[in-house]
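Protein chains: 2
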Amino acid sequence: MNIGEIAKRAGVSRSTVSYALSAKRPVSEDTRRKIQRVVDELGYQPNASARALANGRTNTIGLVFPPAGNHYTGMQLDFIGSVTEAAAAYDYDVLLSPSGMDSDRSFQRLLGERRVDGAILMEIRLEDDRLDHLTAVGFPSVAIGRTAHPEGSWWVGLDHTALAAACVHHLADLGHRRIAFVNRPGQLLRAGYESAHRGLEGFTKAAAERGLTVRTYCSGDDAASGLACLERILHEDPATTALVTLNEAALGGIYRGLAQAGRHVPRDFSVTGVVASRWAETVTPQLTAADVPAEEMGRLAVELLVKRLDHPDTPARYHLLAPPISLRASTAPAGITPADPAPDPGAPTNP
Amino acid sequence: MNIGEIAKRAGVSRSTVSYALSAKRPVSEDTRRKIQRVVDELGYQPNASARALANGRTNTIGLVFPPAGNHYTGMQLDFIGSVTEAAAAYDYDVLLSPSGMDSDRSFQRLLGERRVDGAILMEIRLEDDRLDHLTAVGFPSVAIGRTAHPEGSWWVGLDHTALAAACVHHLADLGHRRIAFVNRPGQLLRAGYESAHRGLEGFTKAAAERGLTVRTYCSGDDAASGLACLERILHEDPATTALVTLNEAALGGIYRGLAQAGRHVPRDFSVTGVVASRWAETVTPQLTAADVPAEEMGRLAVELLVKRLDHPDTPARYHLLAPPISLRASTAPAGITPADPAPDPGAPTNP
DNA sequence: TGTGATGATCGAACCGGTTCGAGTAAGGAA
DNA sequence: TTCCTTACTCGAACCGGTTCGATCATCACA
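Protein sequences appear in the order of chains S and B.
The first sequence begins at 40 in this note's numbering and counts up by one.
The second sequence begins at 40 in this note's numbering and counts up by one.
Rather than coming from a laboratory, the hints here were simulated on the basis of the structure.
From a predicted model like this one, the values you see are computed outputs, not experimental measurements.
Take these hints with a grain of salt, some might be off.
When chains are identical, the list treats them as one kind, so a pair holds in a single copy or across two.
[To be verified] Taking lysine to aspartate or glutamate pairs in the DMTMM-like style, the calculated list, with each CA pair at most 25 Å apart, reads:
{"id": "1", "residue 1": "Lys47", "residue 2": "Glu152"}
{"id": "2", "residue 1": "Lys63", "residue 2": "Glu152"}
{"id": "3", "residue 1": "Lys73", "residue 2": "Glu152"}
{"id": "4", "residue 1": "Lys47", "residue 2": "Asp143"}
{"id": "5", "residue 1": "Lys63", "residue 2": "Glu80"}
{"id": "6", "residue 1": "Lys73", "residue 2": "Glu44"}
{"id": "7", "residue 1": "Lys346", "residue 2": "Glu334"}
{"id": "8", "residue 1": "Lys63", "residue 2": "Asp352"}
{"id": "9", "residue 1": "Lys47", "residue 2": "Asp307"}
{"id": "10", "residue 1": "Lys346", "residue 2": "Glu240"}
{"id": "11", "residue 1": "Lys47", "residue 2": "Asp79"}
{"id": "12", "residue 1": "Lys346", "residue 2": "Asp168"}
{"id": "13", "residue 1": "Lys47", "residue 2": "Asp260"}
{"id": "14", "residue 1": "Lys346", "residue 2": "Glu124"}
Start from the sequences and build out the full structure, keeping to the hints where you can.
Next up, the structure:
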């Protein structure tokens with residue numbers, strides 16, 4: 040069932056069918072109706088490949104999401120879901136590409152073979168060869184994340200520095216003096232992952248400002264690693280009374296470790312960090328945290344990309360988000376310890 | 040940079056370039072090398088749309104995942120990830136389609152516009168109009184899940200009936216007599232979702248066999264709903280000592296409800312069910328559960344689909360999986376109650 | 001030297017759309 | 001009646017590949 044078949048049955052030429060369906064040139068009401076009836080009868084839909092070949096657009100966007108370690112985090116799921124739905128609203132399909140690097144086979148296919156009109160990249164690194172490559176060849180893309188030099192490129196990101204700092208200030212305000220930081224896996228930090236770097240930086244700087252004693256750790260993206268990490272924390276400094284984490288997958292293990300160590304959250308130990316709200320609300324006690332607005336970020340990324348595709352010469356745009364800390368149930372004023380009487384924490388922690 | 044450009048620079052015809060690259064006809068070693076050098080120099084990659092148009096295959100598979108309620112569960116993420124990676128291994132890309140019904144716009148695009156060679160469907164219903172449609176038009180597809188009449192179609196599924204029954208037997212063996220069942224959301228059950236129906240059926244039947252007193256519930260796919268559901272359970276039958284759940288997203292809320300009610304898991308209350316192992320290991324105490332082998336299922340689905348695409352006339356194949364229950368820490372023998380001294384649980388449930 | 005087989009290459013057609021320039025018919029004005 | 005618009009429709013070319021049939025040169029053999 041191709042356009043020629045429709046044309047034949049409607050007794051017109053192929054081009055007339057094309058114009059009748061696209062309305063790019065006027066077609067008489069009579070023939071339009073005739074064509075439409077044949078189209079409806081046969082359930083004709085134009086072939087996407089042919090259309091893409093002819094007008095140079097696939098109406099597809101690529102979603103590049105490297106497998107961080109061996110599995111995916113809940114946040115990635117939220118991005119995938121929201122990007123897909125937002126794209127559908129603009130009549131774009133989403134092609135997944137599980138590629139980590141520039142040289143990746145799958146990545147090359149997306150670009151070189153022109154499978155997509157534009158791309159959204161996740162899990163950005165401070166120095167990201169994929170983005171460099173895309174910028175170099177002028178391929179329309181939007182990053183979910185921000186490189187070290189984001190000027191002139193399109194992205195939607197989270198202000199990890201500010202968020203981690205906000206967590207530190209929140210804990211410091213509550214009187215905590217010895218706190219730990221649980222980062223994403225060391226391998227990702229070394230690879231230069233933005234969230235891991237900026238989060239660590241924000242944490243360190245804010246802790247220094249407040250004169251806190253800190254230790255920083257990396258944990259694998261799973262519960263067992265989180266548990267092991269927490270055990271190290273308590274072993275290396277048993278006086279630690281709070282921690283900040285960026286690693287939502289490790290959270291379950293952290294909580295378990297605290298329970299096993301007999302530290303009650305939040306009475307004996309406060310936990311906070313930057314995680315998707317779904318997770319923060321799933322654990323018990325619910326996590327006081329900066330909620331990652333994954334849905335919004337996915338939607339914004341699609342909007343930026345669509346804008347960029349529709350107006351190729353628009354100057355670069357971006358969104359830097361810094362959601363507030365949602366007060367839930369995992370933080371409390373530091374207990375009175377011999378060395379460190381708790382200062383007045385001010386307003387009560389939780390509503 | 041198209042094939043004509045390559046041909047010109049190599050001083051040969053377009054067809055020779057095509058044959059040199061595809062090796063579908065012999066090409067002299069000399070010209071092959073000459074062409075290859077030009078290709079390498081220019082980084083030429085054939086246009087996917089043109090190729091798809093010419094040979095009728097897009098080398099893309101569609102992954103149809105209806106938004107279950109407003110957000111996605113962890114299991115869906117695992118499917119998406121494993122399908123994408125398995126597909127990449129066969130040189131297929133994955134196109135996402137967030138569509139629930141046959142009539143869906145996005146679904147129509149996948150099929151009618153020939154964007155994909157085949158499709159993998161998730162969240163199958165016992166009577167599934169999408170699958171009926173695909174079967175009717177002979178479109179190659181594989182379901183992750185099994186309809187009421189799976190004969191003659193391709194699928195990879197979980198034996199939810201057996202798994203739910205195994206959970207019941209596990210609890211019965213431990214001496215529990217009054218147990219509850221927490222299903223997926225009522226709206227999904229009513230819509231005929233396979234896992235919800237078969238799980239409920241297996242639970243009910245096994246409980247009847249063992250002469251247990253049961254109540255069955257539905258819970259929304261989030262922690263708050265799980266909490267509310269658990270409160271209902273304890274309110275409607277405070278003597279309940281255990282539950283089985285299919286709803287991994289509600290698990291956090293269930294645990295929280297139990298903690299709030301002062302029921303210690305597993306001492307006062309046992310919890311088990313069918314969830315992805317990642318979740319089972321994240322919660323504290325870790326969940327004794329039938330682990331959903333999401334990765335394996337995604338991989339198997341891709342393998343079946345690729346087989347079907349390569350050999351269009353192969354008779355239908357399927358995989359029905361029934362993973363064993365992994366004993367973790369959330370179940371224990373029922374406490375001694377006045378009405379019901381715990382019987383000897385006999386042999387341990389699992390090897 | 002002529003003949004047939006063999007291997008390498010080419011040109012043209014095709015996949016199914018879109019788009020441009022041109023042609024035709026109808027209607028209004030001169 | 002003639003001329004000019006205007007409105008609509010058509011044919012052909014093109015997008016960038018693949019593939020079929022034919023051509024041409026080379027070489028072995030009679």
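Each hint tested on the structure:
1. Lys47 with Glu152: Classified as between: cross-chain Cα gap 20 Å, same-chain 34 Å, threshold 25 Å.
2. Lys63 with Glu152: Only across copies: Lys63 and Glu152 sit 20 Å apart there, 28 Å inside one copy, limit 25 Å.
3. Lys73 with Glu152: between (38 Å within a copy, 22 Å between copies)
4. Lys47 with Asp143: Neither way: Lys47 and Asp143 sit 46 Å apart in one copy and 29 Å across, limit 25 Å.
5. Lys63 with Glu80: within (23 Å within a copy, 40 Å between copies)
6. Lys73 with Glu44: Close inside one copy (14 Å), not across copies (42 Å); limit 25 Å.
7. Lys346 with Glu334: Only inside one copy: Lys346 and Glu334 sit 18 Å apart there, 36 Å across copies, limit 25 Å.
8. Lys63 with Asp352: Answer is within: at 24 Å inside a copy they meet the 25 Å cutoff, but 43 Å across does not.
9. Lys47 with Asp307: For Lys47 and Asp307, the Cα distance exceeds 25 Å both inside one copy (80 Å) and across copies (75 Å).
10. Lys346 with Glu240: Neither: 33 Å inside a chain and 50 Å across chains, both beyond 25 Å.
11. Lys47 with Asp79: Within one copy only: 15 Å inside, 45 Å across.
12. Lys346 with Asp168: within (24 Å within a copy, 36 Å between copies)
13. Lys47 with Asp260: neither (60 Å within a copy, 52 Å between copies)
14. Lys346 with Glu124: Within. Shortest intra-copy distance 17 Å satisfies the 25 Å Cα cut-off; inter-copy 30 Å does not.
Checked against the numbered hints listed earlier, the structure breaks hints 4, 9, 10, 13; every other hint is satisfied.
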